[in-house]
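*Asks:* Heads up: the sequence lines are chains L and P, in that order.
Taking my numbering, the leading residue of the first sequence gets 2, the next gets one more, and so forth.
Taking my numbering, the leading residue of the second sequence gets 48, the next gets one more, and so forth.
These aren't lab readings, by the way, just hints derived from the structure by calculation.
Given the structure is predicted, the values throughout are model-derived calculations rather than measurements.
Heads up, a few of these hints could be off.
[As the list claims (entries may be wrong)] Under the rule of at most 20 Å between Cα atoms (straight-line distance), these lysine to any residue pairs were calculated in the SDA-like manner:
1) L/K188 to L/R177
2) L/K194 to P/M52
3) L/K189 to P/S50
4) L/K131 to P/G203
5) L/K194 to L/L150
6) L/K131 to P/M52
7) L/K189 to L/E132
8) L/K131 to L/K194
9) L/K131 to P/S61
10) P/K225 to P/G203
11) L/K74 to P/C94
12) L/K189 to P/K225
13) L/K131 to L/R177
14) L/K131 to P/A66
15) L/K74 to P/K225
16) L/K188 to P/G58
17) L/K188 to P/L97
18) L/K188 to P/M52
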Amino acid sequence: METKGKSALSESIDDTRIIELFFARSEDAVPALSTKYGAGCMRIAQKVLNNAQDAEECVNDAYLRIWQDIPPKRPNPLAAYVFRIVRNLSINRLERNTAKKRAGGVYLCLDELRDCVPSLHSVEDTVFAKELSVYIDSFIDTLNYTNRLLFVRRYWYLDSFAELSRYSGLGEGAIRTRLSRIRNDLKKYLERKGLEL
Amino acid sequence: MNSSMIFEGIGGISDAHVAEFANIEGNKPHVRRKLALWLAPAAACLCVALGIILILKNSGSISNNPIPHENPGYPDPIVGNALTPPQIPLDWYASEGSIESIVSLEDGTEYRETYDSKQTVLELSDVLAGFNWTINVSKPNDEGISEDGDIILCSGDKMLSFWYNTNYVRYKSAQEEKWFLASVPVGENDLNSIAIELFNYIRNR
Chain L
2 METKGKSALS
12 ESIDDTRIIE
22 LFFARSEDAV
32 PALSTKYGAG
42 CMRIAQKVLN
52 NAQDAEECVN
62 DAYLRIWQDI
72 PPKRPNPLAA
82 YVFRIVRNLS
92 INRLERNTAK
102 KRAGGVYLCL
112 DELRDCVPSL
122 HSVEDTVFAK
132 ELSVYIDSFI
142 DTLNYTNRLL
152 FVRRYWYLDS
162 FAELSRYSGL
172 GEGAIRTRLS
182 RIRNDLKKYL
192 ERKGLEL
Chain P
48 MNSSMIFEGI
58 GGISDAHVAE
68 FANIEGNKPH
78 VRRKLALWLA
88 PAAACLCVAL
98 GIILILKNSG
108 SISNNPIPHE
118 NPGYPDPIVG
128 NALTPPQIPL
138 DWYASEGSIE
148 SIVSLEDGTE
158 YRETYDSKQT
168 VLELSDVLAG
178 FNWTINVSKP
188 NDEGISEDGD
198 IILCSGDKML
208 SFWYNTNYVR
218 YKSAQEEKWF
228 LASVPVGEND
238 LNSIAIELFN
248 YIRNR
């Protein structure tokens, strides 16, 4: 068992090493994970929940889930796995917290995405969401790097326009325009695929 | 509900797409693209220069083409039957594929002759020689333009210029420059046929 202090764990620590720590049930595993991905996890949780305390609890829940999952899981890429858990836990908590009350950045994204939906027929099957994910995945493949960045960071990581501007070097107006076009393209893409929502 | 569904769908995208932007650095400042400092003055200068060129071209100061109807700045030609200026006692008239020449002498006598297109050049040359006129064919410049005419009749400092495909004729001397316009329209080939025959004549000599 290793006894390195948290300060010794640089952000550049290798994902494989972190997973090894989890497999070894090392007490440094979670600090190592937190050092590398803690800030990103907090940002996602904070954006979904719009509440620092809830976000911190969610991130801790996520660490516990990861501790339980690894081993036997050996996720690759680790970042996507960790962030996905945080995101899902945060959304679940949000649903619990705000069953009747709309709050948090996630709803802003939901409003924007409403126009992507080809029609407003009933959706009865949860399988549909998985099918949708496959189509959205293939749609993302058609985007160039910048548009991919904007789409994924906006609707998966729930980044603000200011953050997207920092990441992409584009102005916020340009980002809004691009995202609007991407949403329209997504709608057409889904319609071409015969998706009826 | 539907937007929630699509949000859920986005949540389920592949790890590859999520991981691609997981560790993105946010230090890319947005810099509004500015035009280069020299671009605006350069564009203004270009516009001014183009304007000046257009004005000069319209005023006839700059021209590669000496033919007046293609250069609005040239003085209006004298329109009439005469193809030669009065300084030369020779009038040419076209009539149904032939050329009639009238040589007016100072004492008032006239010599009228009608030539067919072949004979015209030879005999016209002889006629002109009688008045000390010579026939020259100019070499066009690189742009295919003969500034002094495709066919040039010279006598001392006087020069009579013809261009193919036009019925304009220029008379030029040390003192003056005049433009004449044949009464026959271009396309009926009166002047043109003369010019071509003159050209053939010179070339075949």
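*Asks:* Indicate, hint by hint, whether the structure satisfies it.
*Replies:* Each hint tested on the structure:
With a C-alpha separation of about 16 Å, the suggested pair L/K188 and L/R177 falls inside the 20 Å cut-off, and the hint holds. The hinted pair formed by L/K194 and P/M52 meets the criterion: a straight-line CA distance of about 17 Å does not exceed 20 Å. For the proposed pair L/K189 and P/S50, the alpha carbon gap of about 15 Å is at most 20 Å, so the pair holds. Restraint check for L/K131 and P/G203: the C-alpha separation of about 99 Å exceeds 20 Å, so the hint is violated.
Simply put, L/K194 and L/L150 have alpha-carbon atoms about 23 Å apart, too far for the 20 Å limit, and the pair is violated. Proximity of L/K131 to P/M52 is assessed by CA-CA distance (about 10 Å); at most 20 Å being required, the pair is judged to hold. For the proposed pair L/K189 and L/E132, the alpha carbon gap of about 16 Å is at most 20 Å, so the pair holds. In summary, the hint linking L/K131 to L/K194 is supported, as the alpha carbons are separated by about 14 Å, within the 20 Å threshold.
Between L/K131 and P/S61 the CA atoms are separated by roughly 11 Å; this keeps the pair inside 20 Å, and the hint holds. Distance restraint check for P/K225 and P/G203: the Cα-Cα separation of roughly 17 Å lies within the 20 Å cut-off, and the hinted pair is therefore satisfied. At most 20 Å may separate the alpha-carbon atoms for a hinted pair to count; L/K74 and P/C94 exceed this at roughly 69 Å. For the suggested pair L/K189 and P/K225, the alpha carbons sit about 72 Å apart, so the restraint of at most 20 Å is broken.
Taking the CA atoms of L/K131 and L/R177, the gap is about 27 Å. The hint is violated against a cut of 20 Å. Restraint check for L/K131 and P/A66: satisfied, since their Cα atoms lie roughly 19 Å apart, inside the 20 Å limit. This hinted pair does not check out: L/K74 and P/K225 have alpha carbons roughly 101 Å apart, beyond 20 Å. Using a Cα cut-off of 20 Å, the hinted pair L/K188 and P/G58 holds, with the two alpha carbons roughly 17 Å apart.
Distance check on the hinted pair: L/K188 and P/L97 sit about 49 Å apart at the alpha-carbon level, beyond 20 Å; violated. The suggested pairing of L/K188 with P/M52 holds, with an alpha-carbon distance near 13 Å, which does not exceed 20 Å.
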